[in-house]
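Engineer: Sequence:
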Amino acid sequence: SALLASPLGGATVLDLRRLRRAVRIALARQGIDAAERGAPLATALTDETLLEALPDHVARPARRVAAVLDAGRFALAQDGTAEDVLWAMWQRSGLALRWARASAAGGPSGAVADRDLDAVVALFDAAAGFVDRLPSADVRAFVAHLSAQELPGDSGAARAVAGETVRLLTAHASKGLEWELVCVAGVQEGVWPDLRERTTLLGTEELVERVSGIDGTAVDRRTLALAEERRLFYVACTRARRRLVVTAVEGALDGADAGATASRFLDLVAPPPEDGRPLTELPRSLTLPALVADLRRALTDPHTSAHRRSAAASVLRRLADEGVPGASPSHWWGLAPLSDHAPLVPEKDAVRVRPSAIETFQRCPLRWVLGAVGAEASPDTTRTVGSAVHAVAQQVADGLPPADAPAVLAAELDQLDLGPGWSDQRQRQSAQDMLERFLCWHTAEGRELIAAEVDFDVTVGRARLRGQVDRLERDGDGRLVVVDIKTGKTAARNTEEHGQLAAYQVAVAAGAFADHGTVPGGAALLQVGTGAKAKEQHQEPLPVDVPLGETWAGDLIAEVGAGMGGATFEVRTGSHCSRCPARRSCPLQEPGRQVTG
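1 is the number of the first residue of the sequence shown in this note's numbering; add one for each residue after it.
Check each hint, because a few of them may be wrong.
As the list claims (entries may be wrong) - Capping the alpha-carbon separation at 25 Å, the derived lysine to any residue pairs in SDA-like fashion look like this:
id	residue 1	residue 2
1	K348	V458
2	K489	E540
3	K175	G186
4	K533	R493
5	K535	D477
6	K489	E536
7	K533	A391
8	K489	V396
Hints are computed from structural coordinates only; laboratory data are not their basis.
All chains, full assembly: derive it from the sequences and hints.
Structural biologist: This is the structure we're talking about:
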């Protein structure tokens, strides 16, 4: 009855009574005892023949619900996940348009529609997360997962705001309100102001600028963001009638990756004195991780009294018995000596060097070695789409007519999981755009194509260059040119001493493609991931009258080979550090800093 009376069925109490009575009458006409069939409403939803026998005005709510259930059963029969089944039922329900209209209309019904839509979004988020964690689990497991969760209920009663209370809200929500005392907490640099670029998926900001006649290229978005953040800070501070308290932290925060810095906005409220702003030392925060850290510090500090150490050990033992993370000594990281002083590769052995990894090694050797031993995330969707474009580009090189390439790419993309509808369309369009750029370049390209996706394996000194080239071509002078297709959004800033291209030229000169020649004619990156057309970035050929080991490229490969096989790996900092997936293992970054001594 709850399902039929929900927005899916829309049945009233009178409708439910009529439906029960009609089901009993229909079963009696068929000579079936209604008591044997169980609840009449459930019978109506599961028996299509029975529904057809009922009058239209009586069966209408049940037919609506039955149609939604049928859509779910069909998706389930197609081996759909919990997310797929939910999506099929949601589309069949027709509630999306109805609730969207109610939400746009506003008023009490609009507020109800807003809450209902939020609930549906939360349900889909839960389903997506469940499927990502347990891709093989069935719908029953998802239902059991939801049923086992303890969710806070809503009494539905209106709540009045008491006078003697503390209201916790955002600066945006405080507009138009005032209090005797206002506390603006956490005024930290990077949080307030938050100068990260805020762009939407569909680029609505650029559309508004275009309509307003504003040149988006001339707009300093960071300056605009700073001004907006300053206005918001002003709004928050001016909510106080009598007293304003602004707090910030200078130094490391509990559980934070890096030290905190007070915001520049603090100077707008209270300019610092000449001898600096006085700081108040904070006590340990009331969290379990902070308590464990405090106890461990007391236990390991040689200056701590024996009584205090014994008390700390006793509390840590109890916390460890309760499974509190970090309380058990078996989980502590100590300052242990190096387990092995030997190089990564024995000196007598060749060092395998992948040309595509040279740039990473040059940027930060530690980042490279951590990735080489397994600290690599799985390929993202963009790389997967790029692999599909590479596969079709190879087929074009092998003789596939360019006119047939888009259909072949579409078939390749059908094998990938590109996410929900809008994401799938966006990724497909991006892939087709990359293919179109490649085809335009391929048609107009003047060099002779020898082969595509060619494997090579050649040893130069200690470095064993091994990999695959996207295209091996011959220029007008008979020299070999290697072209590497790039599907990313960022082009190389400089190719004059580009490590990957240098490795390709060294491989050519060392005889990796001896059947076709040993004289390098340069190498090139073909950028098809962005721009109106493909962009070829060329590296000049190595000199033919200089021994390979004496060229800059030969020196580079020798240096990289020795470094990749060494015993120590240098940390090199730069702008790339903020995006590095190995920050927590880097001694120069706050998350990976040494905490024992």
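Engineer: List, from low to high, the hint numbers that the structure doesn't satisfy.
Structural biologist: none
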